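Participant: With chain A held as given, fit chain B onto it using these hints.
Just so you know, the sequences run in chain order A and B. Here our numbering = 1-based position in the first sequence + 25. Here our numbering = 1-based position in the second sequence + 731.
Label-pair ranges, simulated between beta-carbon atoms:
1. A:S177 <-> B:H759: 33 to 39 Å
2. A:L124 <-> B:E863: 55 to 61 Å
3. B:F826 <-> A:L123: 29 to 35 Å
4. B:Y813 <-> A:I131: 36 to 42 Å
5. B:D787 <-> A:S132: 37 to 43 Å
6. B:E788 <-> A:I131: 39 to 45 Å
FYI, nobody ran anything at the bench for these hints, they're computed from the structure. Computed from a predicted structure; not experimentally measured. Cβ coordinates follow ideal geometry from the N, Cα and C atoms, glycine included.
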Amino acid sequence: MAAKNDGYIDILLERYWSCETTLSEEQELRDFFSQSNLPAAWQPYAPLFAYTREEQSVSLSEGFDERLKKAMEKEKAGNKEYITIRIFAPLLRVAASLLLIVGLGISIFFITRQNNNPWFVETYDDPNAAIKDATYALEKLSHALQTTEEASLETIRVIDDLDIDWSALDSLMAEDEELTADSLAATAQEKKDTLHIGTFISNNKKEKEI
Amino acid sequence: MRKTMLVLIILLTSASLSANGFVTQFIHKYSEEGRPLNNVNIGKTMLDKMAANTEDEELKNAFKELKSIRIISSENAKDSRYYFEKANDLVKEEFGDYEEMVSVNERNSRISVWMKRGDKNVQELILISLDEENHLSIITVSGKIDFKTFSKLSGTLKNEPALTEDLPENK
Numbered sequence: 026m027a028a029k030n031d032g033y034i035d036i037l038l039e040r041y042w043s044c045e046t047t048l049s050e051e052q053e054l055r056d057f058f059s060q061s062n063l064p065a066a067w068q069p070y071a072p073l074f075a076y077t078r079e080e081q082s083v084s085l086s087e088g089f090d091e092r093l094k095k096a097m098e099k100e101k102a103g104n105k106e107y108i109t110i111r112i113f114a115p116l117l118r119v120a121a122s123l124l125l126i127v128g129l130g131i132s133i134f135f136i137t138r139q140n141n142n143p144w145f146v147e148t149y150d151d152p153n154a155a156i157k158d159a160t161y162a163l164e165k166l167s168h169a170l171q172t173t174e175e176a177s178l179e180t181i182r183v184i185d186d187l188d189i190d191w192s193a194l195d196s197l198m199a200e201d202e203e204l205t206a207d208s209l210a211a212t213a214q215e216k217k218d219t220l221h222i223g224t225f226i227s228n229n230k231k232e233k234e235i
Numbered sequence: 732m733r734k735t736m737l738v739l740i741i742l743l744t745s746a747s748l749s750a751n752g753f754v755t756q757f758i759h760k761y762s763e764e765g766r767p768l769n770n771v772n773i774g775k776t777m778l779d780k781m782a783a784n785t786e787d788e789e790l791k792n793a794f795k796e797l798k799s800i801r802i803i804s805s806e807n808a809k810d811s812r813y814y815f816e817k818a819n820d821l822v823k824e825e826f827g828d829y830e831e832m833v834s835v836n837e838r839n840s841r842i843s844v845w846m847k848r849g850d851k852n853v854q855e856l857i858l859i860s861l862d863e864e865n866h867l868s869i870i871t872v873s874g875k876i877d878f879k880t881f882s883k884l885s886g887t888l889k890n891e892p893a894l895t896e897d898l899p900e901n902k
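Next comes chain A alone, as it looks inside the complex (with noise of 0.2 Å):
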């Protein structure tokens, strides 16, 4: 049986070699090659197939048709995402520019609130040199406080020179008010005795119609 084997084992390693085995074939050289008292014409060969043949116990996972369909729903959703960003791109913009915009505005309002900063370059190293300037400008400043005061103080004096008797002045005035006042009183008074005047004539009329 061997020999008869060995014979037909080499046919079949011939069709191997030229990938001319079927299926069934190739199995048969598997099985064949997995025996242990193999010739030892052929263990050089063994190998090969004992590969072949674990390669081939190699299957898929447990659960692993529902991972993939997993992964495959994730991905999916993945796109969808990104549809969605694509939808609302322009909108995005909008609220980039909006954004920007403010900003600006902010640091806009902000620079000019805080123009009391010295955007200038300092004239002096020295405080002892600057501070002649600065004097200056305080002392000008002064000045014109004083010159106010002072312009302000002499128009009283002038008003106290022209001699007013402010008693006199302010009997006269509340005088007026006064008379204003009983001129205001006595009007609206007259206004009152023409309604009520009118009233009567226009009751008078109705009466004698009756």
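Facilitator: Only chain B this time, still in chain A's reference frame:
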């Protein structure tokens, strides 16, 4: 988008120019080569140093509270009169948020003081003056301005040892 950016940059530039204040705008707008002007700028750092160097308490406090002092001056009578009118025009046209606080028109001198009130600690003041000798002084002061102290300073300043010589007035 590019147009918006351009508009914003222009706005920012104009805002920053306005933020530079009266002195910068005045020089930018009216300064002429044929009519030379003197310009002195004193910032917060220098004012603090000056406060540290001054012995007089009132002056020390006045300097501490200020943020900047800027001065433009001219000693040429003709130029001074020209710049005086221009400065008054500028403050009326471009600095509408300033109120005229003091205005003195004497026979030989004219002074106007304009003020913008910000918050309590930041006030801005512009003084435009043409003195008896037709010398122009434009002074801007910013910071916390205490007028009571300022009006009293005149006597104090004359007693400051550092000021007995070389005041711009005496040049």
